[in-house]
Each structure stands twice: as structure tokens, then as C-alpha cells.
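A.B. asks: These are the residues of each chain, in order.
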Amino acid sequence: MASRDMGRPRPGVLSGLSHVALAVWALLIILPLLWTFLASFKSNSEIFGDPLQLPGALRLDSWGRAWDEAHIGQYMLNTVIVVFFGTAGTMLFGSMAAYVLGRYRFVGHKLIYYYFVAGLAFPVFLALGPLFFVVKQLGLLNSHVGLILVYIAYSLPFTVFFLAAFFRTLPEAVAEAARIDGASHTRTFFQIMVPMARPGLISITIFNVLGQWNQYLLPLVLLAGAPDKWVLTQGIAGISTLAGYQADWPGLFAALSMTILPVMVVYIIFQRQIQSGLGSGALK
Amino acid sequence: MTYPGEITRRQLLRRIGMAAFVAGPGAGLLSACATGGAGGGSAAPTTSIAASADAKNPFGVDARKPLEVVIFSGGYKDSYAKDLHEELYKKAFPGVSIKHTGTQQIGTQLRPRIVGGDVPDVLNNSGPDALDLAALAAEGHLADLAPLFDAPSIDDPAKKVRDTVTPAVIVNAKINDRDLVLNYTVSHRALWYNAKLFASKGWTLPKTWAEFTALGDTAKAEGILLFAYPGQKGPYYQLWNVLYTAAKIGGNQVLIDIDNLVDNAWNADGMRQAVAAWVDIQAKYGDKAYFGLDHTQTQVKQLQNELLFYPVGSWIENEMEKDKPADFEYAIAPIPDVTAADKMPYGAIQVGVGENFVVGAKGKNPQGGLEYLRIMLSKEGARGFTMKTRNLTVVNGAANGLDLPAGLMSAAKAQDAAGQNIITDARFEGWYKELFDYGTEQINVVMAGRITPEQFCTNMQRKADDIKQDEAVAKQTRSQ
Amino acid sequence: MERLRKYGFVAGFLVVPLTLYSVFVISPYVQAFQLSLTSWNGYSAIVRYVGLDNFGRLLGDEVFWQALRNHGLLLLALPLTTLVIALFLSFLLNLGGGARGAGMRGVWGSKFYRVVFFFPQVLAVAVVGVLFQAIYRPDEDGVINGLLAKFGIEPVGWLIEPGLALWSVMAVMVWQGVGFYVVLFSAGMAAIPKDYFEAAAIDGAGRVRLFFSITLPLLRDTVQVGWIYLGIAALDGFALIQVLVGDKGEPDGATTILPITIYKNAFSFGKVGYASAMGVALFFLTVTFAVLTLRTTRRERVEL
Chain G
1 MASRDMGRPR
11 PGVLSGLSHV
21 ALAVWALLII
31 LPLLWTFLAS
41 FKSNSEIFGD
51 PLQLPGALRL
61 DSWGRAWDEA
71 HIGQYMLNTV
81 IVVFFGTAGT
91 MLFGSMAAYV
101 LGRYRFVGHK
111 LIYYYFVAGL
121 AFPVFLALGP
131 LFFVVKQLGL
141 LNSHVGLILV
151 YIAYSLPFTV
161 FFLAAFFRTL
171 PEAVAEAARI
181 DGASHTRTFF
191 QIMVPMARPG
201 LISITIFNVL
211 GQWNQYLLPL
221 VLLAGAPDKW
231 VLTQGIAGIS
241 TLAGYQADWP
251 GLFAALSMTI
261 LPVMVVYIIF
271 QRQIQSGLGS
281 GALK
Chain E
1 MTYPGEITRR
11 QLLRRIGMAA
21 FVAGPGAGLL
31 SACATGGAGG
41 GSAAPTTSIA
51 ASADAKNPFG
61 VDARKPLEVV
71 IFSGGYKDSY
81 AKDLHEELYK
91 KAFPGVSIKH
101 TGTQQIGTQL
111 RPRIVGGDVP
121 DVLNNSGPDA
131 LDLAALAAEG
141 HLADLAPLFD
151 APSIDDPAKK
161 VRDTVTPAVI
171 VNAKINDRDL
181 VLNYTVSHRA
191 LWYNAKLFAS
201 KGWTLPKTWA
211 EFTALGDTAK
221 AEGILLFAYP
231 GQKGPYYQLW
241 NVLYTAAKIG
251 GNQVLIDIDN
261 LVDNAWNADG
271 MRQAVAAWVD
281 IQAKYGDKAY
291 FGLDHTQTQV
301 KQLQNELLFY
311 PVGSWIENEM
321 EKDKPADFEY
331 AIAPIPDVTA
341 ADKMPYGAIQ
351 VGVGENFVVG
361 AKGKNPQGGL
371 EYLRIMLSKE
381 GARGFTMKTR
391 NLTVVNGAAN
401 GLDLPAGLMS
411 AAKAQDAAGQ
421 NIITDARFEG
431 WYKELFDYGT
441 EQINVVMAGR
451 ITPEQFCTNM
461 QRKADDIKQD
471 EAVAKQTRSQ
Chain H
1 MERLRKYGFV
11 AGFLVVPLTL
21 YSVFVISPYV
31 QAFQLSLTSW
41 NGYSAIVRYV
51 GLDNFGRLLG
61 DEVFWQALRN
71 HGLLLLALPL
81 TTLVIALFLS
91 FLLNLGGGAR
101 GAGMRGVWGS
111 KFYRVVFFFP
121 QVLAVAVVGV
131 LFQAIYRPDE
141 DGVINGLLAK
151 FGIEPVGWLI
161 EPGLALWSVM
171 AVMVWQGVGF
181 YVVLFSAGMA
191 AIPKDYFEAA
201 AIDGAGRVRL
211 FFSITLPLLR
221 DTVQVGWIYL
231 GIAALDGFAL
241 IQVLVGDKGE
251 PDGATTILPI
261 TIYKNAFSFG
271 KVGYASAMGV
281 ALFFLTVTFA
291 VLTLRTTRRE
301 RVEL
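In order, the protein sequence lines correspond to chains G, E and H. Mapping of the first sequence onto full-length UniProt numbering: position 272 corresponds to residue 272, and the numbering continues sequentially without gaps. Mapping of the second sequence onto full-length UniProt numbering: position 469 corresponds to residue 469, and the numbering continues sequentially without gaps. Mapping of the third sequence onto full-length UniProt numbering: position 207 corresponds to residue 207, and the numbering continues sequentially without gaps.
What the hints contain is simulated information worked out from the structure, not anything from laboratory work. Some clues are possibly wrong.
Said to hold, decoys possible - Now the stretches of chain G that chain H is said to cover, found in silico as 3 or more residues with beta-carbon under 8 Å: (1) 34–47; (2) 57–70; (3) 75–85; (4) 91–98; (5) 219–225; (6) 250–263.
Quick caveat, the model's predicted, so the values are computed rather than measured. Heads up, the beta-carbon is just placed ideally off N, CA and C, and yes, glycines get one too.
This is chain G alone, in the form it adopts within the complex (with noise of 0.2 Å):
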């Protein structure tokens, strides 16, 4: 192999530039990460201060502060119902849908395949104001369900653009050999097409998991009314509007670490499942 090599660069350096070039990304991404960590700890004066001091001390009055304020705990378990569900009917009604518009032929099939798609392309805030009167007239307002339900529909457009294209590539001699056998559409569907799309629908999966965690403008919306059924970002918001009246910095970043925080734990739990699963997905 070494006599391969000559004339060319050698492996050792150029491996070792590109261990440079990727190291710094992580730097760029690790830093203002930490940064926001210790900023938590920190007084003030000291993040008005030298930004790459440590903090003096260790101060958790800041974290006791945001957990109160930004009412965190509660949030946290809020949020997690509404995402749970919301991404849960997401993929069960986006991946039906999807499926149909993807493999079937029928009239308006690619009429209502463009219906779906063009959600995409409109700002969510201009039908904040008509959406709140669709939503009071089913009297779902200030509930978790309500959410759920215009999460769910505003998440579909997405997932049918997305799943739709992958399920048209899908070998057909599986689902011809389940027809064969006798399997009804729906039985196909679930037992067959379902397991084989795994990797995309895991991505999509993810990617509305996402979507729906930092949603802001619709809760802020439709919760108005109920504040003990508010979700994070509400929560951050919050504290980070206090943080200007009150110069309270670290409560704010403490609340930051707080909720990027489990969001990594959870993201290292699954990196494993998520990275394959987004590879595979988006490789259709």
C-alpha cells in the first residue's frame, strides 16, 4: 500500500487535517453549549464580564429561579403529552395518508397529494387569527387535545410530501405477493408497508418530534386561557421577556440548560436509532 500511496498526499496527513476541519465544528458546537451551561452558574457582573471567565462559584439559586418561574417541571411534562400524541397521530394519519397518495391511482389522487402539499408554503401566524375561531367552535380551546389535533394537522403536509415519495419506491412485488395471499389493503398496509418504510418513518418521526417541541405561536394561541396547561416554549419565552425586565441572565440561561438538557440525554439515548433512521429515510 506504501508504494500505492506515492505521489499522493499521505494518508497520516491528510487524516489529520481532516481531524482538524471536524474537530473545529465540534468546537463550534460544544462552546457556546458550554458557554450557556456556565453562564447558569454565573452572577451577573460575570456574564457582563470576561465571556471565557468561569463562574466565580457555583450558584444554583439561578436553576431554583427558572425552575419556578418558568414553571419548567410542568411545562416539561406538558410538553411531552402534547409532542407524544401529536407526533404519534401525525404518523399514523400522515403515513395513511401518504400511503394512499403515494401508491394508488384514482381520481384527484395528485389533486389532493398538491392540497396537502401546498400547507407548506404558507406563514403559520396569518391563520393564527381564524384558526382561533375554528378551534373555539369545536370548544377545543385552552385544551391539550385541541393542540394535539392542529399540531397533528399542521404537521401533514410535511409528512404526506415527504412519505408519499417514499412509499412510491417501495418494491410493488411485496404488496402484489400480499394481495395474492389474500391480505386486504388495510392488512397490507399495516403488516407489510409499514415495517418496510421503517426507516423513513422513523425520520419523519423525528423530524415532527422536533417541529412540534419548539412549536410557539400556536399553544401561545390556543392556550391562552390555561396557563397550567402551557408547554416549554411558552415557558422560555416567558423567562426570557422577565430576563430584560429584570436582568435576571443567569435564571434565563439557567432555564435554557434546563430544557436543552433532557433534549440531549434523550437525543444521545436514541442518536443510535435517529441517525440510521434519517439516513436511511431521506436516502429514498
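Starting from the structure of chain G, add chains E and H where the hints point.
C.D. replies: Just chains E and H now, with coordinates in the frame of chain G:
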């Protein structure tokens, strides 16, 4: 520390309560968070509740009816409502239930509800996301507060509520000649500085622009900036400052003309001179880094004595209380004379009322809403507010005997010294939000030196003309 | 019979998603489209129709055009930068280890890098915005400027210089987005049969040539999907810009974008009708972008 001509605390407190606001209309839009303001649209019928002479319950509140209170939870937070005013209300009507919401996003949360006709009984409409009160008034959503002002005061049933508050409340309550808005707080705006730093350095407040810049050089030598304002999120502090400076040079008429969208109001001499003067200060004594800092960041810098003067209102003392070191004492400094011929003499400051409370006319319990405001305007309600927030209310004499912080006392003293020379508020902030918004953007551009003061005035005038011609925008006027 | 069964199945699968979507998404948007033909202020009970006036006004609105210019810049630069960096990093991750033994392999620690690179993706935009405000602070207390100060470099006004601000915002978008595409491309590269590389390596092709002649063409579809996602992101940017620089397009309109302009007109200025017209314009802009991208690159799998 002693100031020249120090008056006793007791005298001072009496003045805060009693002497205030003889001159000029108070300001509508005060605290760091207040927006909204009063203004017109076509007057729509508004429900009016007749007040009886029953001092205990003049509006005939039904204790079985729940009350809904929505409070903008900004610099004052919302515990003054939750733990104080609402408790007082419950004491007056045992067994009553109150639904309390504190929020920073008044508009986003309430707008759709209100369009549907559902307005909370009591609403503190403040903050960057406040509702357009003129539009609400036009739809008849706001209850008439005249019965409140004519109701007997809780502390002295022989007196009407209107006689227990500073006159500016009544002036600023009006939207199209109806009393619809209660401004609850009083604040003082000019430049704020660290009195202890000045004492320790032996510096005195500059009275003229020459003294101002001379002090700038002295401070520069010590590594201190003469002046800074927050360019991020808070450039409106500097817009206010420039407007008040213009009023000092050319008189309150400059601001009244601007509010009335008078032709060429922005090109008035006073306006041009004010902009030019401050642009010059920024160029010679400023630091461009502050264009990217927000108000709290800038205020922390002032606590660290990195800048001398900061354009803001008296709420700052409460805002920074937690971080204020022992060697820092807030005090107010009037804007120095810009020219030798300023219409207002040295000492003029801006004093006004703020924090807009309204009662929903079409809500479930407007009687309760009025009664709640009456409780807020009682001595107990007002004192409690001052104790909780370290800010004064519009209730006369309510702060008597309270141990007020130094900054508030300095503000009261400055007001005393200003006498009749009170700078008015600029109401286009609430009337023509688009113009104000544009102004806060343009002030950064001119202060950074990317356009000239003349261009700033020209741009503002063009925008004002656009608004004037826009039929969709309801116009307001003021005479004083 | 089979036909009937098929249609029954299709209908059964579509009824719930279609209903949810029509009720919660389409019906509000239809109302918003309707509002674009009115002068509604957001409060009044009476809604006045003004025909296409709002659209006519749009054409003469400086702010609107400025926003379009900024979106144009974002549409070009954001996908390009993100994809180039992501491709570069994933190439290093997967093939940077050199040809050894059986074939090309990833560098040491590539798993760790992949996990870390994806981190920003899981952060809420609000969190990222607050964080980067601290990082971009224009005085020496800012994280970047503090570092620069150590080398005696004057603080830079990342978000306050009109020429820099949009690029600084874009850098945050790139920072957040790259990890997602690294994972995407890594999977793509892992799927490329090793023989390809071995054959090429035996022929004496360098790694750079390997990348351009083998990796890139095989990843074409994936790159294209990425371009569309990023394009849609470039037409949004609402939350990030709102938190990072505020809602006035500071400085000097350099960060003015349509969603924020729409939001302000609708909720601050009481011009819901006019804002809705901008929303309609944005809608057609996004659709046009998606159609153009897909048409010009002729992707068969995603039909449009």
C-alpha cells in the same frame, strides 16, 4: 450625602403626593413597557354603568359573579395584582372567585378572543404586544370610566375618585372624549445617572451643552462614556430623549404638532437641533457597541460605571434593584440647555402617567371591573403597589410616610424644581404605531451617522405624510 | 368488487387526515386569503372589501422589496453554504480515514462527531437566538469579540453593521442546519458500494477526485432534497431573526424579511388585510421556488 437646598423627607413626600402635575398634561405612555395610549376612531356606543352613592358598593357588584383579571407582567411583574389588589377585592366581596392571568403577550393572547367579543373584566394593556385601544374603543369594547371617576373614594366617601388622583389621569383617560383608560403609574423621564459617582468625583450636573461636553471629556479621560442608549430593542429610549430635547428647545408645541401630523412638524428647528446635538454627542463621546446592546445590558454597564448618563424613566431603579451595588445611587438629571435660547429653562423634565388599565364593556362583570379599579385607586391599593414595585401611582398622597428609594426622591425633587416646565409626552407612539416604529429604526441610523440629521427629519416627515394620507388610519388630535 | 374495495380503502384512509387538514389548516388560510382583499384592522366587526388595492400597494412598498432582496440572497447563499460544509464534513467523516485494507473508511471518532454535529438541530430556535445574542455581542463581553480581544482585535458589530448583519444571521442558520445534512449525506456515502472507491483508488484517483467523480453524483438526489428544505427555511427565518435582531429589520433594513413584516403589519399596525396580501405573495413565492427547483433538476420521485 447632601444636596444643595436639601429639603426634609417629610416635605418631599408631601410634594410627591400633593404638589405634582400642576403643569402640563401628564404623559400617556410611560413605563419601559407602556404602549397603547389613548386615541380615537369613531366613537361607538359604550355601556355606561350608573354609580350609586353607596360607598361600599357603588356599582352594584354581584359577589357571585367571578372576575377576570389579565395583567401585563413586565417590569412590575404581576404580584401587585395577584397578591394585593385581587386580595383586597376578595376581602370586599367574600367568596368571590377571580381568574388571574399574567402574560407578556397581551395582544397575541387576547386579540382573537376580543374579536370574538370576549373581553376580560380588567386588563392592564401594556408591553410591546399591547392591543390598540383606539380600535377597541371604536368597537365599543371598553367600559366608560366616568362612573368610576365620579364614584365615592374608598378612603373618604365624601370625595369623588376624580379628586383623589392627579389631574393628568383625567386628561389621559380620554379616547375621543370618553373616559376609557386609567393610567395608574407616575414616572419621570430625563437622563439618569449615579449620584454617588458624581459626589465622589466632585462633578456637578451640566447645565449647558458646553458643560455637558466638557464633562464628556473629563469622563473620557477616566474611561467613562458620557452617554449611551440601548440600540437593540430599546432605541425608543433615544427617540424619546430626542423628542423631549426638541420640546425643551422649541417648547411642547413641537411635540403637539408632531402628534397632530402638522405639515413639516418634523422639520421644525427644535427638532433638527435636538437630533443634531445628540448625533454630535454620539459621534464624539459614544461607543457604537451600544447599538447592539439591549436595555438591561446597557443598564448593567451603567451600574458598572461605564457610562454616565442614560435616557430612561424612574422605573429603572426598580428594574435594576437586584444588581445595584452599594456605591450606586440613581438620580435624575434634566437635559442640559442645548442653545442659549431654549424655550424651556434648564430643569425641565418629562413627567407623565402610564400603565394603561381598561375595563371590558362586553365582559361578564364590568361592574366588578370598575370596582377593582376603585380598589386600586384606594390608599391601601396604591401604597401597596408602590411598596411592591417602588414606583409611584397617580393616587394623591398615597406614598406619604413610605420609605422611598433615592431615585424616586430625586425625581420628586427635580419635578419640584421644574415647576411649570414639564415636558409633555409624545402620543403618536400609541396613535400611529407605524410612525413610531419607523422612528425607532431611523434613530439608530442617524445616531450611527449613516444619515444626516436633516435626512432623519426628512424621512420622518415623509412617513408622517404617508400616515396622514392613509385613510385606513384613524386620526387623533390633541390641543395641549 | 375489487375496485369498490380499493376505493373504500382509499376513502377510509384519507377521511381523517383530510378532515383534520381541511378544518384546521385550509379553512383558516382560505379566510386569510379572503382578508387580503379587505382593509380589515383586526378588530372591527365590519370588514370592507377593497379588491386588489392591497396588492397594488405592495408593488410600491419599499419594505416589501427590501424583504424580497434579502430572501433572494438567503435563497442563494444559505443552501449553498450549508450543503458545501455538510458535504465536506461528511466526506471527511466517511472517507477521510484513507484507503486501508478492505477499502475507504471513516476517520477515528467519526461516530462522536456525527452525534455532536447534530446537536444544534434539537435546540429550540428561541434558545439558539438567545444564545447567539450573547455570542455576537458587539463589545468585548461578547463571546466572539472576547476571543478577538485576546488577539488585540477590535470588537466587531456582527449584528449592527448593515453589511454584516444578514450574514451573521445566516451563519446561525448554517450552524444549526449543517448537522442534519451531515447525517443525511453520511448515510448516503455509507450506501455507496465500497468497490467503487477501491476500483478508483487502484486507478490512482486522489480523494478529491473520488469525491467529485463518485460521491457527489451518487448523492445528487439527496443534495437536491436538502436544497428544497433549505430554500423553504430561507423564506421563513421568522423566529430566529425576531429573537436575534428584533423586528425592525435592524440595521437599516438589512435583516428585513417577509414573515416579520407580515407579523408587524397584522398585529402592530392593525393592517391585517395588507399583511394577508403579503402572506399571499409569500405563498406564491414559496410555491414558485419549489416548482422551479424541482422542474429544473427534474427529480422524478417527488412529483410536482
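A.B. asks: Now look at each hint and say whether the structure bears it out.
C.D. replies: Consistency of the hints with the structure:
With 4 residues bearing a CB less than 8 Å from a CB of chain H, the stretch 34–47 of chain G meets the requirement of three and the coverage assertion stands. Coverage of a stretch by a chain is defined here by at least three residues with a beta carbon nearer than 8 Å to that chain's beta carbons; for the stretch 57–70 of chain G and chain H the count is 0, and the condition is violated. Coverage of the stretch 75–85 of chain G by chain H is violated. Counting CB-CB distances below 8 Å, 0 residues qualify, and the rule asks for three or more. Counting residues of the stretch 91–98 of chain G whose CB lies closer than 8 Å to any CB of chain H gives 4, so the stated coverage by that chain holds, three being the minimum.
Check result for the stretch 219–225 of chain G against chain H: violated, 0 residues qualifying (beta carbon to beta carbon below 8 Å, three or more required). Only when three residues or more bring their CB closer than 8 Å to a CB of chain H does the claim for the stretch 250–263 of chain G stand; here the count is 5, and the claim holds.
Hints 2, 3, 5, counting from the list given before, are not met by this structure.
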